[in-house]
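Build out the structure end to end from the sequences listed, making use of the hints.
Residue numbers (our numbering), protein chains in the order written: chain A, 1 to 199; chain B, 1 to 280.
Please note: incorrect hints may appear among the correct ones.
[What the hints assert, rightly or not] If you anchor each label on the Cβ, the simulated ranges turn out as follows: (1) 236(B) - 36(A): 24 to 34 angstroms; (2) 42(A) - 43(B): 32 to 42 angstroms; (3) 105(A) - 137(B): 45 to 55 angstroms; (4) 15(A) - 232(B): 50 to 60 angstroms; (5) 62(B) - 92(A): 35 to 45 angstroms.
[Stated by the list, open to error] Listing some non-contacts, in silico: residues in chain B with all C-beta distances to chain A over 12 angstroms: (6) 42; (7) 155; (8) 159; (9) 166; (10) 255.
Keep in mind that the hints were calculated from the coordinates and are not lab data. Where a beta carbon is used, it is the ideal one built from N, C-alpha and C, also for glycine.
The primary structure of each chain is shown beneath.
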Amino acid sequence: MSQSAIQPAFADASRGAQAVFRSVMDAMSRPGRITPLDAGFAPPAPLNAAAAAILIALADFETPLWLDGPLARHGEVAEFLRFHTGAKLAPTPDAAAFAVIADPASAPTLGAFAQGTPDYPDRSTTVILQVERLTPDGWQIAGPGINGHAHFGATPLPGDLTHQFKNNRARFPLGVDLIFAGPSEIAALPRSTRILEAR
Amino acid sequence: MTATPIYNFAYLDEQTKRMIRRAILKAIAIPGYQVPFASREMPMPYGWGTGGVQVTASVLGPDDVLKVIDQGADDTTNAVSIRKFFEKTAGVATTTRTREATVIQTRHRIPEEPLGESQILVYQVPIPEPLRFLEPRETETRQMHALEDYGLMHVKLYEDIARHGHIATTYAYPIKVEGRYVMDPSPIPKFDNPKMDMSPALQLFGAGREQRIYALPPYTQVISLDFEDHPFERTKFDKPCGLCGATGVYLDEVVTDDRGGRLFVCSDTDYCEERRGGQA
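This is the structure:
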């Protein structure tokens with residue numbers, strides 16, 4: 001085990017997890033709104049701090065994790081997450097409760113993740129997309145949590161994410177929920193959000 | 001030696017909170033859908049708000065200000081004991097003022113004062129399944145939700161009209177969320193149903209015994225089920241509150257003596273006290 005695998009996470013496990021959860025809950029209940037998230041620790045690269053904080057706050061032995069190519073190639077990322085969460089790695093995207101994507105160019109399509117079932121639409125993957133920047137312009141979005149409509153964008157993203165997310169919305173109540181994890185802020189697009197206009 | 005027990009913040013252990021938090025996030029993503037969760041035994045009996053308490057415990061942070069109401073009142077046993085529970089186990093500030101609260105746990109009322117974006121309303125729910133009294137089998141009701149098969153609910157409302165001439169359901173009045181899931185708003189009076197529609201506050205629902213969590217995100221469309229020729233009607237009161245004179249609020253009937261005297265007063269005690277000059 002490398003040295004970085006036992007780097008500490010939250011200074012206070014209970015309060016740290018609570019603060020991160022509240023940021024995620026705020027983001028999820030107000031889609032597209034950019035919400036500050038201060039992890040307070042540095043995970044091994046290429047895992048970013050916000051994505052790491054979300055996983056440590058929410059993942060455990062009940063939630064298999066799926067890591068994309070660049071994350072999986074860096075063994076210390078998996079070691080770090082296994083140490084702090086106790087979660088096992090999912091062999092395929094559709095077996096994951098949480099998935100993290102560091103490289104949008106080679107990301108699987110949203111349809112490759114667990115979609116839930118008609119009886120249990122909650123049994124789906126929450127997909128965390130690591131991004132460099134979140135912006136309050138871009139897609140025009142509407143749906144539960146949004147008063148009228150809002151604008152939201154992020155870079156870099158998979159090229160056809162607009163199309164993929166529209167397909168995701170069409171599967172409602174099935175589908176995945178997206179969390180965009182910037183360096184120190186996050187935003188979310190739950191499956192209930194509609195993209196009205198792409199820009 | 002002091003015998004004061006030391007609790008984890010807000011009583012629940014961290015794994016339980018994570019499990020409940022994940023359920024809350026799914027509930028927000030699928031408005032009106034009941035997410036199963038592994039409800040824990042709490043140091044209070046089922047029926048005293050164990051679902052709401054678990055949701056509140058998972059949401060609460062050290063900077064939150066908590067208000068707890070029971071049928072609109074801050075000073076009844078259930079409200080007082082839950083408030084004390086979180087004072088003791090989380091050390092959070094509590095209040096009776098709706099405006100000052102960031103988290104409000106409620107049993108069967110929505111405060112009269114409009115809620116804001118920075119507030120979270122947590123409902124205690126006894127029976128989360130709106131179809132339960134029409135179809136007792138969970139496997140069936142789950143499939144009815146999956147297929148959006150809500151005809152039975154309309155039959156129930158129609159039978160009300162056939163029997164009473166109007167829709168006689170006055171509390172736990174079924175709602176449809178964003179045109180998809182039919183949801184039980186918990187046993188709030190139907191007077192409060194319109195407050196759920198497009199509310200700026202996040203609304204979370206916890207049913208402890210039935211092990212379900214569901215949610216209404218802010219600004220979510222909530223429609224009370226009705227018929228074109230029998231539209232949903234909000235309960236109206238002919239008299240104002242006997243104490244503060246408020247109109248357009250939900251009133252409780254209080255028997256004042258043994259000679260048939262009665263008084264109709266605000267069910268929301270904080271609202272009433274504030275109107276009477278704030279001598280809380």
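Each hint, compared with the structure:
1. 236(B) - 36(A): 24 to 34 angstroms: Given range 24 to 34 angstroms: violated, Cβ gap about 45 angstroms.
2. 42(A) - 43(B): 32 to 42 angstroms: Holds, since residue 42(A) and residue 43(B) (Cβ atoms, about 39 angstroms apart) stay within the stated range.
3. 105(A) - 137(B): 45 to 55 angstroms: Because 48 angstroms falls inside the window, the suggested range holds.
4. 15(A) - 232(B): 50 to 60 angstroms: violated, 44 angstroms
5. 62(B) - 92(A): 35 to 45 angstroms: Given about 40 angstroms between the Cβ atoms, the range holds.
6. 42: Since the minimum Cβ distance to chain A is about 18 angstroms, residue 42(B) lies beyond 12 angstroms and the statement holds.
7. 155: Consistent with the label, residue 155(B) stays out of reach of chain A, its closest Cβ about 23 angstroms off (over 12 angstroms).
8. 159: For residue 159(B), whose nearest Cβ neighbour in chain A is about 28 angstroms away, the distance exceeds 12 angstroms, so it holds.
9. 166: holds, 31 angstroms
10. 255: Residue 255(B) clear of chain A: closest Cβ-Cβ about 42 angstroms, beyond 12 angstroms.
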